[in-house]
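A.B. asks: Chain by chain, the residues run as shown.
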Amino acid sequence: MRVEQIAVFLENKSGRLAEITAILADNDINIRALSVADTADFGILRLIVNDVEKAKSILQDGGFTVGKTDVLAVEVVDKTGGLAKVLKCLHSAGINVEYMYAFVNKSGENAVLIFRFEKMDEAIEVLSKDGFTLLSGEQICAL
Amino acid sequence: MTVIYWEEEIETLPRVGLESIQLRRLKHLVARVYKTVKPYRRKMDEAGVKPEDIQSLDDLRKLPFTAKEDLRNNYPFGLFTVPMEEVVRVHASSGTTGKPTVVGYTSKDIDTWAGIMARALCCAGATKEDMVQNAYGYGLFTGGLGAHYGIERLGATVIPVSGGNSKRQINIMKDFRSTVLLSTPSYALNLADAMDSMDIAPASLSLRVGIFGAEPWSENMREEVEKKLNLKAVDIYGLSEVMGPGVAQECLLADKGMHIFEDHFLPEIIDPDSGEVLPPGEQGELVFTTLTKEAFPIIRYRTKDISRLIYDQCECGRTLVRMEKVTGRTDDMLIIRGVNVFPSQVEHVLMGIEGVEPHYQIVVEREGNLDTMSVQVEVSEGLFSDEIRVLENLTKKIQADVKSLLGVTCKVKLVEPKTIQRSEGKAQRVIDNRKI
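Residue numbers (this note's numbering), protein chains in the order written: chain A, 3 to 145; chain B, -1 to 434.
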């Protein structure tokens, strides 16, 4: 139940994000979720898109450094404490979160949490056992 | 103004006398080196020149040059002329591919060097009454210890404070009443800034003379440092392959050039491309032959420093030729805070890090008074990670490796692919934005 995410290296220069989103738009790539992690000197743009391979190759053609990573998408009810429950479950199993971001789906009922773990397989096991819903890439795109 | 000499007779000797000393020493040196050092003998044999062919100073040009590469090829002690039990000290400077350049000294060499350095200090106006703050780095670098022995020989008081820790330097300066400062010129300016932030007026200190070297500096910098530190600033020249600090020294009267202590170091100016010796007064690459060193003499060493020799009589009375301030280099060597840096060394570090295809650029700036070096590295896919931590560790690793190989702290900046400009497909490795 892994989801493929692409990550793009960004120097902290104005207009770079605009350039990437324009390339994606021109090629009919739909962004389902994104986050930007930044330091003083550079940033990493992480994207969940409807066509990972295409997005990767057009961005590479555009001169960007692109990587592909597996992440997990956990669906929770969009209510107070939703994220806290997931994190509590992970914490008690001793699983560290490398990074995470989240979005709320269109209906507004559920929230989707995107996680990157060092121990991906263990995380899948623990979350499944505790009854959390893991979404596939297709499911995210269908939301 | 009374001029003080350390060895008046030799420093003011008419040139005919000086040249006869030089020739006698040169003949002796060439014969000794030919007999004792295989690489020299091989090169001389290849060039078809024998020690007995040296009959005049002009015959020097018959001898092959020695380059930094020769030192590297014979690393570490292959060019020493004496057995190691006679060597009492070694110094080393960074080499172009990670291997340092090693030089050695017999106890007589240390003694000679101390004398030459005392002469240099005297030439700069220092006396035994002085309190000399030696802020050159102590260690493998020749600067600290080289100057140290000369200060002691002069009979002045040496404060072996070494480089760094500006606040402590200034407190010492204030409390010990230092009168002479030895450091790189950029560090001197840095001290001036530190004084300012500590609210200490330079006029309240006792500094009188600053002897600055180990990196290129301009007349503008001289004016600035003189004004800011309230002292007279003079230039000193040296390099470890020839001896260390004290090869040449500016006197208090001269405003064009440093007196080369020619009875020990024989200078030539050559065309860096053809290797031909240029007529007196022309600008070219400076070449040195040592005349008195025992453990590690060197014949026609190509310094790669661009300078000019001035034979006019100096007002100070010294008959020793002067070399103009070094105005540039014939290679791509950079001097960052007194440390020699070759771009190939940085490349060597990057090659050692997995995933880095070295598309890099070195950018050198002068921020305030200190040189800063930053290395920009293009992030390839092999290097890239979606985790900040991984990329930050990469920059730290490059920084640590550069520091450990070169002894220079640099900033590392990761940049996007193809952002480093390439001219005709080849990246420009160095951008030097310093205005010296």
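Hints listed in this document are in silico derivations from the structure and should not be mistaken for laboratory results.
One thing to keep in mind: the hints can contain errors.
Cross-link-like lysine to any residue pairs, in silico, SDA-like; alpha carbons within 25 Å at most [what the hints assert, rightly or not]:
#, chain 1, residue 1, chain 2, residue 2
1, B, Lys395, A, Asp43
2, B, Lys416, A, Asp28
3, A, Lys15, B, Ile429
4, B, Lys409, A, Asp43
5, B, Lys416, A, Lys87
6, B, Lys416, A, Ser130
7, B, Lys411, A, Asp28
8, B, Lys395, A, Ala42
Listed below are several chain B residues computed to face chain A (Cβ distance under 7 Å; list not exhaustive) [said to hold, decoys possible]:
#, residue
9, Lys36
10, Arg40
11, Asp43
12, Val413
13, Ile418
The C-beta atom is built at its ideal place from N, Cα and C for all residues, glycine as well.
A.B. asks: Look at each hint and say if it fits the structure.
C.D. replies: Hint-by-hint comparison with the structure:
1. Lys395(B) - Asp43(A): OK: Lys395(B) and Asp43(A) at ~16 Å, within 25 Å.
2. Lys416(B) - Asp28(A): At roughly 23 Å apart (the allowed maximum being 25 Å), Asp28(A) and Lys416(B) satisfy the hint.
3. Lys15(A) - Ile429(B): 20 Å, holds
4. Lys409(B) - Asp43(A): 11 Å, holds
5. Lys416(B) - Lys87(A): Status violated; Cα separation ~45 Å.
6. Lys416(B) - Ser130(A): 44 Å, violated
7. Lys411(B) - Asp28(A): Status violated; Cα separation ~31 Å.
8. Lys395(B) - Ala42(A): 18 Å, holds
9. Lys36: 51 Å, violated
10. Arg40: 50 Å, violated
11. Asp43: Because about 55 Å separates Asp43(B) from the closest Cβ in chain A, which is outside the 7 Å limit, the hint is violated.
12. Val413: Since the shortest Cβ distance to chain A is 5 Å, the answer is holds.
13. Ile418: 12 Å, violated
Checked against the numbered hints given earlier, this structure breaks hints 5, 6, 7, 9, 10, 11, 13; the rest are met.
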